[in-house]
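In order, the protein sequence lines correspond to chains A and B. For the first sequence, position 397 matches number 397 in the working numbering, and the numbering has no gaps at all. For the working numbering, count along the second sequence from 1 and bump the result up by 398.
Please note that a few of the clues may not be correct.
Label pairs and their calculated CB-CB ranges [claimed, not checked]:
1) 370(A) x 431(B): 37 to 43 Å
2) 491(B) x 226(A): 48 to 54 Å
3) 510(B) x 363(A): 38 to 44 Å
4) 379(A) x 520(B): 54 to 60 Å
Per the computed footprint, the stretches of chain A lying under chain B, defined by three or more beta-carbons under 8 Å from a beta-carbon of chain B, are [stated by the list, open to error]:
5) 296 to 310
6) 342 to 349
In silico lysine to any residue, SDA-like type, Cα no more than 25 Å apart, as pairs [unchecked claim]:
7) 351(A) x 445(B)
8) 422(B) x 361(A)
9) 485(B) x 170(A)
10) 485(B) x 354(A)
11) 170(A) x 326(A)
12) 335(A) x 324(A)
13) 351(A) x 531(B)
14) 423(B) x 114(A)
15) 292(A) x 268(A)
16) 351(A) x 521(B)
17) 531(B) x 521(B)
18) 478(B) x 521(B)
19) 351(A) x 479(B)
20) 423(B) x 324(A)
21) 142(A) x 114(A)
22) 374(A) x 393(A)
Hints are computed from structural coordinates only; laboratory data are not their basis. Keep in mind it's a predicted model, so treat the numbers as computed, not measured. All C-beta atoms in this analysis are idealised placements derived from N, C-alpha and C, irrespective of residue type, glycine included.
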Amino acid sequence: MRRIPRLRRPSGLPSTTTNVSRTTIQIQCRHPSCQRQRPTVTTFSTTFSPPSLNRLYSSDRQQTPASSSAPAQEQIQELQPRVADEIISAETGESLDWADEGLTAAREGPYGAPPQRVEAARENDVADPSYLPATTAEGLRKVGGLADWWYRPDNWDVTGDFISFRPREKVVDPVLIEAAVRRAVVEALALREVGSDDELVAVWPMAMSKSDLLGLLNWDVKGTEDGRVTLGGDPSAVAEGLRWKDEDTSAGSDDLAETLTSEEVSALAETWHPSWKTISLTDPRIRFAVTKRVFQLTGQLVPDHQLPSTTTVQALLRVLKKPPKSATLNEEIQKRHPDLLELPNVTVAAKRVTRGDKEKALGRFKIMQEEFKKRDIPGLGHGYARKGKEVRRLKGGT
Amino acid sequence: MTVRALERISVGQNGLGAFILQCKKMDIHYCDQSGSSRGMNAFIKSQLSKFASLHPQIEFAVSPRPRKHPVLIGHYINGKQKSICVKNMDSLQVLKKAELLRDASGEKTKRVNKPITSINESVRGVWSPYHGKGMPV
């Protein structure tokens, strides 16, 4: 049986995406008062520095660090005219969007890091002898900026690159849950039979072709009264497929919910020997492996307080197949008590019935609104009325 | 054209003519979170459908009232209403209270110390001192 693990091992965000370099530009002061004191500079040059040596503030003693690497030098050559254009456009009041200028850094995974920091030339480096740097921020124009960098949808992906152990969507179909439990039980028992008990607590790859999966579910699994289990298939192939291989990390997932339909599984389930549900899960390692695998495949987690009582597959299925509790009584009535809704003399409200609702039901609210209009009172219903002064005062209002 | 007698406006004699249930509407309020509504919620889920189908002449309005104790409010055809707080009661106790509201007339509870009350006139008539033989004192 061929098994193709194709998913990456679940992990958090890679640390490389968090290395964010920033771009700031210091430009000459354009305030009229500054202009009076200092003549306008006509030439302009930019200098790049590696992120580790970036200056976060200006100082006279500090010299502009020289670029250390050849690629950074190339980037400077490339970006200089762009930055100059940026500042010119700032002077003329045009758009200052970095994205418009194409000044975006390379995208690493789902996150696009901001472009490199660009700094204005030092006073000593400027050729113009009449140049005087601004000493206050007053009158300086802001160019670019990264304030809304992460608000732009182009710079990051909503889904991210995080691969969780739990699937994104919970499987709630009881038939598919049963299939997942059978798969988990067979896999755990196959590992036990092969003798690789250490693998029981490891991460198992999820991907499996549909034919392989159908073949696995079709094994003639039987539980005997004395506690022994016959798997009815080749456990070594299954155990081999459960070994995680880091080299097969291409995208794509064939999890159980996508590959199998409930019709297929229910047709298959009829052929299963009923004794498979009597298989014992009293061994904590097997129980852990099975519940972990079911959680990975379906997102259904057995609550801790129910773990000791799940001693057989039947008990596990009972816990997993139990529909979740409804949040509100109204939801429960809608789902499970349609007979109450069908009665003509019963009305069930989803939310609290307010005074306004009662007036509207009577048709009196329209009349009230007309009367309000005559008296020049806002006819917005009781929702317009403010809550008590005390409440506002307690919340910090005046 | 025949002469027709003046028609008398009918007097309600409940139980003798058509029986009209006095309770016309019942408001059922519950809370989703509070424990005092547990019995009420069970009543709504398990017993209300049967109770409502047995009394099609009563309108049942089920609505949540968050952070409040559960209440049954009966509305009567005389315009009055009667409310019962059913906090911490189980569903059977709530059912009893619903039956109580159903059977109520909507009138204020009065002390009744006569064995028989009737709206019919007495067959003996009203006693008058000017009629009959009189009694010598």
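Task: Hint check, failures only - done: 5, 9, 13, 14, 16, 18, 20, 22
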